[in-house]
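**Student:** So the chains spell out like this:
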Amino acid sequence: MLTVQGLTRCFGQVRAVDGISFEVRDGEIFGLLGPNGAGKTTTISMISGVLAPDAGQVLVDGVDIWERPKQVKRMLGVVPQEVAVYEDLTGRDNLVFWASLYGLKGADRRRAIDEALERVGLADRADDRVRDYSGGMKRRLNLSMGLIHAPKFLLLDEPTVGIDPQARLAILDVVREVARGGTTVLYTTHYMDEAEKLCDRMAIIDRGEILASGTLDELTRLAGEGDVLRVSGSFGAEDLRGKIAGIDGVEISRIGDGFALLSVVPEGPGLAQLLPRLLDGEAGIDDVSIQRSNLESVFIALTGRALRD
Amino acid sequence: MRAMLAIIRRDLMRWRRNPGRLALLLALPLVLAGVFALAFGSGGSGLSVRVLVLDEDDTPLSNLLAGALGSQEDTGPLDVEIVGDEGRAMIENGEASALVVIPEGFTDAFLAGRPAALRLLKNPSQRFLPQAVEEALRAGAVVLSQASRTLRDELDQFHEMLQADAKPDPLVIGAMSTRIAEKLETVADYVFPPVIELEVASAGDGESADDGPTMQAVLALMLPGLAVLSLLFFAQSATRDVMEERDRGLTRHLLTAPVSVGEYLLAKCVAVVIVSALGFGLLIALGVLAGIDWGPPVAVLALLLAAATAASGLLLLLVSLTGSEMSANALTTIVVMVSAMVGGSFVPLPVLPAFLLPVSRLTVNYWATHGFLTLIRDGGGLADVTTEIAVLSTAGLAMLALGAWRLARRIRRGDV
Ligand SMILES: Nc1ncnc2c1ncn2[C@@H]1O[C@H](COP(=O)(O)OP(=O)(O)OP(=O)(O)O)[C@@H](O)[C@H]1O
Ligand SMILES: [Mg+2]
Numbered sequence: 001m002l003t004v005q006g007l008t009r010c011f012g013q014v015r016a017v018d019g020i021s022f023e024v025r026d027g028e029i030f031g032l033l034g035p036n037g038a039g040k041t042t043t044i045s046m047i048s049g050v051l052a053p054d055a056g057q058v059l060v061d062g063v064d065i066w067e068r069p070k071q072v073k074r075m076l077g078v079v080p081q082e083v084a085v086y087e088d089l090t091g092r093d094n095l096v097f098w099a100s101l102y103g104l105k106g107a108d109r110r111r112a113i114d115e116a117l118e119r120v121g122l123a124d125r126a127d128d129r130v131r132d133y134s135g136g137m138k139r140r141l142n143l144s145m146g147l148i149h150a151p152k153f154l155l156l157d158e159p160t161v162g163i164d165p166q167a168r169l170a171i172l173d174v175v176r177e178v179a180r181g182g183t184t185v186l187y188t189t190h191y192m193d194e195a196e197k198l199c200d201r202m203a204i205i206d207r208g209e210i211l212a213s214g215t216l217d218e219l220t221r222l223a224g225e226g227d228v229l230r231v232s233g234s235f236g237a238e239d240l241r242g243k244i245a246g247i248d249g250v251e252i253s254r255i256g257d258g259f260a261l262l263s264v265v266p267e268g269p270g271l272a273q274l275l276p277r278l279l280d281g282e283a284g285i286d287d288v289s290i291q292r293s294n295l296e297s298v299f300i301a302l303t304g305r306a307l308r309d
Numbered sequence: 001m002r003a004m005l006a007i008i009r010r011d012l013m014r015w016r017r018n019p020g021r022l023a024l025l026l027a028l029p030l031v032l033a034g035v036f037a038l039a040f041g042s043g044g045s046g047l048s049v050r051v052l053v054l055d056e057d058d059t060p061l062s063n064l065l066a067g068a069l070g071s072q073e074d075t076g077p078l079d080v081e082i083v084g085d086e087g088r089a090m091i092e093n094g095e096a097s098a099l100v101v102i103p104e105g106f107t108d109a110f111l112a113g114r115p116a117a118l119r120l121l122k123n124p125s126q127r128f129l130p131q132a133v134e135e136a137l138r139a140g141a142v143v144l145s146q147a148s149r150t151l152r153d154e155l156d157q158f159h160e161m162l163q164a165d166a167k168p169d170p171l172v173i174g175a176m177s178t179r180i181a182e183k184l185e186t187v188a189d190y191v192f193p194p195v196i197e198l199e200v201a202s203a204g205d206g207e208s209a210d211d212g213p214t215m216q217a218v219l220a221l222m223l224p225g226l227a228v229l230s231l232l233f234f235a236q237s238a239t240r241d242v243m244e245e246r247d248r249g250l251t252r253h254l255l256t257a258p259v260s261v262g263e264y265l266l267a268k269c270v271a272v273v274i275v276s277a278l279g280f281g282l283l284i285a286l287g288v289l290a291g292i293d294w295g296p297p298v299a300v301l302a303l304l305l306a307a308a309t310a311a312s313g314l315l316l317l318l319v320s321l322t323g324s325e326m327s328a329n330a331l332t333t334i335v336v337m338v339s340a341m342v343g344g345s346f347v348p349l350p351v352l353p354a355f356l357l358p359v360s361r362l363t364v365n366y367w368a369t370h371g372f373l374t375l376i377r378d379g380g381g382l383a384d385v386t387t388e389i390a391v392l393s394t395a396g397l398a399m400l401a402l403g404a405w406r407l408a409r410r411i412r413r414g415d416v
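Protein sequence lines correspond, in order, to chains A and B.
With the first letter of the first sequence counted as 1, position 286 gets the number 286 in the numbering used here; the numbers rise by one all the way through.
With the first letter of the second sequence counted as 1, position 97 gets the number 97 in the numbering used here; the numbers rise by one all the way through.
The set of hints was computed from the structure by calculation and includes no laboratory data.
Check each hint, because a few of them may be wrong.
Label-pair distances were calculated between CB atoms; the ranges are [stated by the list, open to error]:
1) A:R110 x B:R412: 33 to 41 Å
2) A:E251 x B:R412: 50 to 58 Å
3) A:P276 x B:G249: 55 to 63 Å
4) B:E244 x A:D132: 40 to 48 Å
Here are a few chain A residues that sit away from chain B, every Cβ distance over 12 Å (derived from the structure) [claimed, not checked]:
5) S45
6) D54
7) E82
8) S232
9) G284
Yeah, the Cβ is synthetic: ideal placement off N, Cα and C, and Gly gets one too.
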């Protein structure tokens with residue numbers, strides 16, 4: 001089990017990570033979902049023993065990484081956000097080097113390297129220089145380095161950034177397969193669809209703080225139990241309030257420029273009464289759409305901002 | 001220990017996979033040695049390096065620059081000629097080794113602090129000579145950029161004056177020159193020795209008063225200094241990796257493996273010393289092939305290791321003072337070139353003017369070159385170079401330790 005307690009790190013005035021706590025249970029894929037600058041990389045750096053926290057603790061199977069760094073680091077595989085491979089060496093050279101750092105040698109090392117290459121689909125390009133790899137291939141090599149010593153915990157920092165959808169799926173497949181083999185995975189991303197599809201549980205992080213955590217179901221319930229109605233057009237706030245006045249179970253959860261979000265209690269009478277009123281053409285409402293709540297709406301509900309900007 | 005060996009092995013592997021980098025570092029001093037041998041030796045063949053300068057910018061400053069490049073009266077095998085547009089055709093016909101173009105707008109860009117580029121056209125049919133010209137220009141460019149940074153305000157003012165097209169106000173010029181002089185004084189300690197020294201260098205061929213030494217004697221005189229310069233280039237190239245690894249996130253990644261900061265830095269130090277010593281050793285071997293007797297092997301080896309340690313220490317310390325690969329490049333190039341100039345790599349120590357000696361003794365070049373000259377020219381043995389070995393290895397280890405300590409502190413603070 002990986003336990004993070006009250007982890008904090010500042011860079012000058014910026015509180016990059018501000019007292020976050022969470023737990024990654026054995027065998028699960030745990031997601032850390034947050035926009036650019038949320039503090040994901042800083043968190044991973046502190047968990048992997050590269051960046052000293054200002055406060056807080058990281059326990060890996062009960063051992064503090066900052067107290068016994070080598071012992072803990074042997075249990076971790078880390079795949080950094082920026083591809084960290086030597087371009088003038090071949091893929092295999094890179095893996096030989098990386099495996100030696102963990103004390104692998106001889107036949108064991110060869111086997112581990114071949115397996116890792118096979119796993120990420122680079123076996124036939126292993127002896128080419130990394131300089132000649134495509135971006136997706138470099139990412140896969142980067143991933144294979146994190147797997148080479150069969151770590152108990154795998155920490156992945158946005159491993160699919162900047163590659164095409166197909167290569168992305170390939171990487172997600174590898175992660176799933178590794179997890180099925182019993183490895184515990186901590187996966188950071190700013191793609192909510194990845195978090196939705198891949199992770200057993202997740203935490204939403206923004207501006208260095210964890211806003212919520214739990215399973216996908218638990219989180220989506222936070223955005224409100226019901227459906228979300230998105231209304232767009234050139235209406236005024238007062239018009240909209242007038243339209244929903246007197247209907248039970250309907251609330252305005254947010255009004256923006258040219259749009260509004262309404263939450264509607266499910267299975268109540270609200271929706272049936274509401275739709276005709278909204279669409280009678282009097283208030284300047286052009287369009288109404290119904291959304292099931294998802295991580296995006298959870299994020300908006302928690303922060304008032306969209307995840308992607 | 002295991003991790004350290006892995007890091008050292010990887011660093012050496014990177015050199016093996018990049019033979020071009022190795023060849024260039026080896027070729028550079030040899031080309032320089034060849035040029036000097038031809039310049040000062042009596043066995044001069046018809047070989048000469050012909051460099052053309054084309055001034056497309058045609059402003060007072062670019063005229064000055066072109067003039068400076070082309071002014072030397074008697075530069076031995078180096079033949080610089082200021083040309084017009086016909087220069088391009090000449091280089092294409094292979095009539096010269098290289099064409100330096102001062103492009104239109106160069107002065108404007110330089111004075112305004114925008115990136116200003118000198119263009120170099122190399123004769124494609126020649127390999128080494130154009131490379132030598134390129135290296136020399138690159139060093140010059142670093143100095144010019146430094147000037148542009150140090151004198152930013154003054155250059156702006158000067159620029160305005162040039163553009164205004166009016167008569168320059170003598171008062172403004174007066175005030176400006178005072179400020180420039182003040183600024184130069186603060187950097188004079190670093191900048192002026194090479195400038196002064198450059199002039200001495202062309203006058204330094206006083207030895208040719210007799211019939212002229214043989215090519216071999218000139219090589220024996222020049223090669224140690226140039227080999228030491230090359231040693232510094234090797235150390236520079238190897239330490240540059242430390243910054244590159246940091247800038248590209250490789251260090252951060254490495255430290256997620258079971259490797260401590262201390263182990264990482266110690267491994268880097270050892271790798272830099274090994275690379276420098278191997279490169280230096282190769283040059284010594286080439287010297288042997290060229291018929292130079294370096295002296296007793298034990299003394300040569302001890303001096304070689306001491307010099308490699310000192311060069312590595314100097315470069316690691318310099319790198320630890322900078323914030324990125326770019327600034328590391330600029331600082332190390334300046335220091336390496338300056339210490340080559342005052343330390344006996346370009347002007348042989350025996351003809352170096354006495355007033356430079358105190359400065360000279362602060363350089364790795366001086367101590368290493370002095371040691372090798374003692375072995376080669378004076379037929380000395382191990383006992384005659386113990387001072388050099390002691391100075392180089394003590395200073396080298398101290399600088400390595402200080403540089404590594406600074407880098408470690410930075411990494412621990414989170415600057416990786
Ligand atoms: N070395 C550093 N020096 C100064 N500020 C930093 C440093 N590293 C991170 N920060 C700041 O800390 C905050 C969190 O950065 P971090 O890289 O952890 O975010 P992230 O969630 O990984 O973002 P991204 O999705 O863009 O990778 C940002 O405001 C960033 O500017
Ligand atoms: Mg990040």
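**Student:** Hint by hint, say whether it matches the structure.
**Tutor:** Structure-based check of all given hints:
no., hint, result
1, A:R110 x B:R412: 33 to 41 Å, "36 Å, holds"
2, A:E251 x B:R412: 50 to 58 Å, "52 Å, holds"
3, A:P276 x B:G249: 55 to 63 Å, "58 Å, holds"
4, B:E244 x A:D132: 40 to 48 Å, "19 Å, violated"
5, S45, "7 Å, violated"
6, D54, "10 Å, violated"
7, E82, "4 Å, violated"
8, S232, "43 Å, holds"
9, G284, "51 Å, holds"
Hint compliance for this structure: hints 4, 5, 6 and 7 are broken, all remaining hints hold.
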